[in-house]
Amino acid sequence: MKATFSTYLTEGLILVSPAMFLLVLLLMATVKLPHNQFCVLLGIAQLFFLVLFALFSQHDPNALPSSVPIGSVLIQESQKKLTDFQDVHSILLVGFGFLVVFVRRYGFGSFTMSMMLTAFTLELALLVRGFLTDEFALYGKFYVNLQNLINADYTAAVVLISFGALCGKLSPMQYLLMALIEAPFSIFNEYIVVKILGVQDLGGSMIIHVFGAVFGLIAGRVLFTKTWRDSEHLGSVYHSDIFTFVATGFLWVFWPSFNAANAFGADARNRSIVNTYTALIGSTITAFVVSSFYNKKENFNVRHLVNAPLAGGVALGACANILLAPFDALAIGVVSGAVAVFGYIFISPILEKKCGFSDTRGVNNLHAMPGIIGVLASAIVLLCYKDGSYPERQINFK
Numbered sequence: 001m002k003a004t005f006s007t008y009l010t011e012g013l014i015l016v017s018p019a020m021f022l023l024v025l026l027l028m029a030t031v032k033l034p035h036n037q038f039c040v041l042l043g044i045a046q047l048f049f050l051v052l053f054a055l056f057s058q059h060d061p062n063a064l065p066s067s068v069p070i071g072s073v074l075i076q077e078s079q080k081k082l083t084d085f086q087d088v089h090s091i092l093l094v095g096f097g098f099l100v101v102f103v104r105r106y107g108f109g110s111f112t113m114s115m116m117l118t119a120f121t122l123e124l125a126l127l128v129r130g131f132l133t134d135e136f137a138l139y140g141k142f143y144v145n146l147q148n149l150i151n152a153d154y155t156a157a158v159v160l161i162s163f164g165a166l167c168g169k170l171s172p173m174q175y176l177l178m179a180l181i182e183a184p185f186s187i188f189n190e191y192i193v194v195k196i197l198g199v200q201d202l203g204g205s206m207i208i209h210v211f212g213a214v215f216g217l218i219a220g221r222v223l224f225t226k227t228w229r230d231s232e233h234l235g236s237v238y239h240s241d242i243f244t245f246v247a248t249g250f251l252w253v254f255w256p257s258f259n260a261a262n263a264f265g266a267d268a269r270n271r272s273i274v275n276t277y278t279a280l281i282g283s284t285i286t287a288f289v290v291s292s293f294y295n296k297k298e299n300f301n302v303r304h305l306v307n308a309p310l311a312g313g314v315a316l317g318a319c320a321n322i323l324l325a326p327f328d329a330l331a332i333g334v335v336s337g338a339v340a341v342f343g344y345i346f347i348s349p350i351l352e353k354k355c356g357f358s359d360t361r362g363v364n365n366l367h368a369m370p371g372i373i374g375v376l377a378s379a380i381v382l383l384c385y386k387d388g389s390y391p392e393r394q395i396n397f398k
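Letter by letter, the sequence shown follows residues 1 to 398 of the UniProt record's numbering.
Simulated from the structure, these hints should not be mistaken for laboratory data. Here the structure is a predicted model, which means the values were calculated and not measured. Keep in mind that the hints are not guaranteed to be accurate.
Using C-beta positions, here's what the derived DEER-type ranges look like [as the list claims (entries may be wrong)]:
id : residue 1 : residue 2 : range
1  : THR225    : LYS195    : 36 to 44 Å
2  : GLY356    : PHE264    : 38 to 46 Å
3  : ALA331    : CYS39     : 47 to 55 Å
4  : ILE380    : ASN36     : 27 to 35 Å
5  : LYS297    : MET115    : 31 to 39 Å
Pairs of lysine-lysine residues, derived as DSBU-like cross-links and limited to a Cα-Cα distance of at most 35 Å, are as follows [said to hold, decoys possible]:
id : residue 1 : residue 2
6  : LYS195    : LYS141
7  : LYS81     : LYS195
8  : LYS297    : LYS354
9  : LYS195    : LYS80
10 : LYS353    : LYS297
11 : LYS353    : LYS296
Backbone N, C-alpha and C fix where the C-beta goes; we use that ideal spot for every residue, glycine too.
Given only the sequences and the hints, what does the whole structure look like? Please build it.
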């Protein structure tokens, strides 16, 4: 009888949860509240998350006392996962967080909004992903462990990429609503692509980078105003650009972990790290070459050198664990680095002036186009390489 009641309670809350959020949003839209709309919605959401975590979350059995002998393989694997988690989390807070502080009048707001969106999306992603796990289907509970935290970080990365396109243009309330809508959609998209269709996208070239960039660009197009186009506040100054180079350095160092965290097996993990670094090298050199070539003063453009060197890591995400030859990974990096710079020079002005797409950080150039290159590269490799070159597993949903 308890199991039956628990099942009904679980199903009821899952069905009622979206309705409760929609009701809250409807009230926020129709009732004129004072300037504290943001704290009201965020506070309600946090209380709601607390209730759901209290009812449906628990530790992984391997985290319980005396469940794992000291020195076991599981302990060693947990230590590796801790390293991956720290690296991926550094990418979110330090990398993506400081990558948007160049905005002249929005430096403090850029980082603080990044931190808020990261924390909020992590909570939301843990819940939504938890409801899609086999454990929840069987026992009505989902586990919170390092692997699930890493996967939640990936969802937060999607939201932060979209935030990069809209940085300095929306209110905290609007950013919060964006995360509330985007995070579940990105998880369901990933669930369909990875678990149901069985598509390999280890580093998220498509399910993270392209999805986040396209979502942000479309949201910016819908909300576009002419003041964005003419605003000087969205530009940069010397000292704010310096912080973005710090972000680029962090992202460059930790990006291999971002692509390798969900690799299944030591061999696939090793390939993912080596392939990603090789691609980053190619995109970095190419970014300097192309930026210098197209600059009439024979100098470098800061926006090019902050973003384009990372394009190789984005493109390599879809095929990081494949048995690529070093030349292949380097070539993918070279092409993606060149395309990223071309995007800043030619594509971004067209998108903004002709199509009305406003892109503060240039997510189309760093995430969308290199992500598409990565998907095309993985398809070509899949056709050209012999059987067994493409691993059959990655760790996203159990």
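Hints the structure violates: just list their numbers, smallest first.
4
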